[in-house]
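Asks: Below, each chain spelled out in residue letters.
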Amino acid sequence: MELAARIRFARRNPGREEFHLDVDFHIGPGITILFGPSGAGKSTLLDCIAGLLRPADARIMLGDKVLHDCVAKSFVPPQQRHIAYLFQSPALFPHMTVEENAGFGLPHASDSDRKRAVRHLLEMFRVAHLAHSKAGRISGGEAQRVALARALAPAPRAVLLDEPLKGLDAELKSSIVDDLLAWNGVNRVPILYVTHQRDEVDALGARVIALDRGRIVSEGLPQNVLDAPRTKRLARAAGFENYLTAIVQELREADGVMRARLAESQTELELPLGYATVGTRVQVAIRAGDILLATQRPVGLSARNILEGTIESIEVRGATAVCRVNAGAVFLVHVTPGALRALEIESGKRVWLVIKTHSCQLVDS
Amino acid sequence: MEALWLSLRLALCVATILLLLGMPLAYWLSQARWRGKFLIESVVALPLVLPPTVLGFYVLMAMGANGPLGKIWVAWFGHTLAFTFTGLIIASALYSLPFAVQPLVAAFESVDKRLLDAAAVLGAGRLRTFCKIILPLSIPGVVTAAVLSFAHTLGEFGVVLMVGGNIPGVTRTVSIDIYDRVQSLDYSAANRMAIALLLISFAVLSTIHAVNRRAWSPWPVKHGE
Chain A
0 MELAARIRFA RRNPGREEFH LDVDFHIGPG ITILFGPSGA GKSTLLDCIA
50 GLLRPADARI MLGDKVLHDC VAKSFVPPQQ RHIAYLFQSP ALFPHMTVEE
100 NAGFGLPHAS DSDRKRAVRH LLEMFRVAHL AHSKAGRISG GEAQRVALAR
150 ALAPAPRAVL LDEPLKGLDA ELKSSIVDDL LAWNGVNRVP ILYVTHQRDE
200 VDALGARVIA LDRGRIVSEG LPQNVLDAPR TKRLARAAGF ENYLTAIVQE
250 LREADGVMRA RLAESQTELE LPLGYATVGT RVQVAIRAGD ILLATQRPVG
300 LSARNILEGT IESIEVRGAT AVCRVNAGAV FLVHVTPGAL RALEIESGKR
350 VWLVIKTHSC QLVDS
Chain B
0 MEALWLSLRL ALCVATILLL LGMPLAYWLS QARWRGKFLI ESVVALPLVL
50 PPTVLGFYVL MAMGANGPLG KIWVAWFGHT LAFTFTGLII ASALYSLPFA
100 VQPLVAAFES VDKRLLDAAA VLGAGRLRTF CKIILPLSIP GVVTAAVLSF
150 AHTLGEFGVV LMVGGNIPGV TRTVSIDIYD RVQSLDYSAA NRMAIALLLI
200 SFAVLSTIHA VNRRAWSPWP VKHGE
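If you're matching them up, the sequences are chains A and B in order.
So for the first sequence, numbering that gives the first Met the number 0 puts the first residue at 0; every next one is plus one.
So for the second sequence, numbering that gives the first Met the number 0 puts the first residue at 0; every next one is plus one.
Some hints here could point you the wrong way.
Quick list of the computed label-pair ranges, beta carbon to beta carbon [claimed, not checked]: (1) B:127 - A:65: 21 to 27 Å; (2) B:127 - A:74: 17 to 23 Å; (3) B:7 - A:128: 47 to 53 Å; (4) A:115 - B:36: 52 to 58 Å; (5) B:124 - A:110: 16 to 22 Å; (6) B:71 - A:70: 48 to 54 Å; (7) B:42 - A:201: 31 to 37 Å; (8) B:198 - A:10: 53 to 59 Å; (9) B:36 - A:319: 51 to 57 Å.
Simulated crosslink set (PhoX-like; lysine-lysine; CA at most 20 Å straight-line) [unchecked claim]: (10) B:131 - A:114; (11) A:114 - A:133; (12) B:131 - A:133.
No lab work stands behind these hints, which were simulated from the structure alone.
Ideal placement from N, C-alpha and C gives every residue a C-beta, glycine not left out.
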C-alpha cells in the first residue's frame, strides 16, 4: 500500500496573509514523519488526505484507489476513505464508555466480532481495564491510547497521526510509540506521523518529510533533514539556538569551504561551501551544544573556527548551563554545570569559542 | 379548571411538535455554511420581537376561508382553521418557534467540531453522527427547548386571542380565562388561576435550571476539553 498526494490549497484568513499549501509526495508502508514548525501546514495537509478539507486542486491516491482527483471530479468522502486519523486531542466521545468509543468504527460487525476486535486492541494499547469507564473520566495518556485503539479498530488502509503524544511525559510517549510500531509490524500500511519534537523523531527513526510554510523543504533520513535544516524556521524547530548573519568574503572551492565575516563585526567564520558568491549575505544556524568553550586559546585542534570573546551572562537550566558569549556577535553556548565549575567560568571572563566548520549550517532566511 | 387543562394540552402538543420540527431545522442552522443562512435565522427569531397581535393577525388572515392555508384546509376538512384547537396549535407553534430552535442551535453548535470529524473518519454518516454524538451531547439544550416552548405556550395571550377567540373548552386557555374573570370582577377565581399558572411556570423553569446545573445533570460532565 502506498499513499501518493499532490495537493495545492489556498486559504484566506481575514486579517492574515494567505496560506498556500503546495506539496507532492508519496510514502510507502511504515512510518513517515512529517516535521515542521507550527503553522507549516501539517494539520491542513492531514485534513486534506482524510477528506475533511476539499482542496480545489489535488490528486490523492491510496494504493490503486483514487481518493480525490480534481480533474476527474472524483472525491471520496471521509466516511469511505478507510483512513485512521488521530488528532492532537483524543476527541473521545465523552458520553460513551471506552469500549463503545473503540467500537464506534465497527457498526456493521456483529456484537461478538466487535467485542473481540475491541478487546484485542484495548489489550494491545494496555487500556483493557478501562473498558467500562466513561471516556470523559480517564486521564490524558489513557485517552490518547483509547483514541489510537478506536482509530485502528476498523483496520484502516492508512494512518494519520497529528502530534498524538503532545503533552505526555517521555516514558509514556516511548511506550505508546512501541505499541504503535508493534501494530505497524502486523499491519503494513502507510503511517504519516506529525511532530515537531526532536526526541520523537529519533525514537521513531523513520524517513522524514520537512514542511515549512506549506512546502516540502527537504526529505530523507532524520540526520540529513534535521541536522542540516534548510530554513531558519525549520532550524529553530529542529533545535538550533544560534542564528547569525554573515557576509561571504572568499570561496575556497577546492576545500569545500568559504570564509565569511559576521555582519557588523570583524569576526570571521569558516563555513561549508554554499550557493553564494563573494559579498552575499548568508544565514548561519549553529546548535548551542555544538560549540566548545575554552579558557585559554586552544592549539592543535582540527576545528577551524576559534573565536575570542567574553562571557556576558550565565543561566543554569536543570542539567544545562546557557552561556551568552560576546565574540563580535552574541553566541549561546550550552555546557554542563560541572564544566562551568571546573573552568571557573563567570560573567566577564575571557573565553575562546571552538566551532567546527560543519557545525555551521547555512539556512534560508 | 377546564381552561387550565386546555392550556396544558395545547402546551404539550406545541412542545412536541416544536421538538420534532425544531431539531432538523436547528441541525441545519448549526451545520449549514450557506451565505443566506442569516435570513432564515432572522425569520426564526422574528416572533421574539413581533407583537403577538401582529403575528396573530397574519396567522388569522392565512387561516381564514380566503387565506392560502385556510383554502387548502377547507378543501380537505370542510371547515376553516381559525377558532379551532388545531389552528391554535399552529399559531402557538409559530409563536414559540425561537424558544425551541435557539437553545437547540446553541447546543448543537457547542458540540466539539473535532468529535464530528472523528465520527466522520470512523465512517459515520450525518444521521448516525447526529443520533449517536450530537443529540446525546445536547440533552440539556433539548430539555431547555422543550421546557421553554411548553412554558411560553402556556402563558400566551395575544396570539391565542387573535386566532382562537374565546370558545370554552376549545380555545379558552388559562390566560384568556384569567382576563375574562378580571373583566367580570371575579377576582378570587382569577387569583386561583393566576397562582396555578405561576406555580406551573416556576416548576417548569426550575426543571431547566436543575438539568443545566452540572451537579444535578443526568449527563456526565465533560473532562479536559
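Asks: Run every hint past the structure and note whether it holds.
Replies: Hint-by-hint comparison with the structure:
| no. | hint | in the structure |
| --- | --- | --- |
| 1 | B:127 - A:65: 21 to 27 Å | holds (25 Å) |
| 2 | B:127 - A:74: 17 to 23 Å | holds (20 Å) |
| 3 | B:7 - A:128: 47 to 53 Å | holds (50 Å) |
| 4 | A:115 - B:36: 52 to 58 Å | violated (45 Å) |
| 5 | B:124 - A:110: 16 to 22 Å | holds (21 Å) |
| 6 | B:71 - A:70: 48 to 54 Å | holds (50 Å) |
| 7 | B:42 - A:201: 31 to 37 Å | violated (59 Å) |
| 8 | B:198 - A:10: 53 to 59 Å | holds (55 Å) |
| 9 | B:36 - A:319: 51 to 57 Å | holds (55 Å) |
| 10 | B:131 - A:114 | holds (19 Å) |
| 11 | A:114 - A:133 | holds (17 Å) |
| 12 | B:131 - A:133 | holds (15 Å) |
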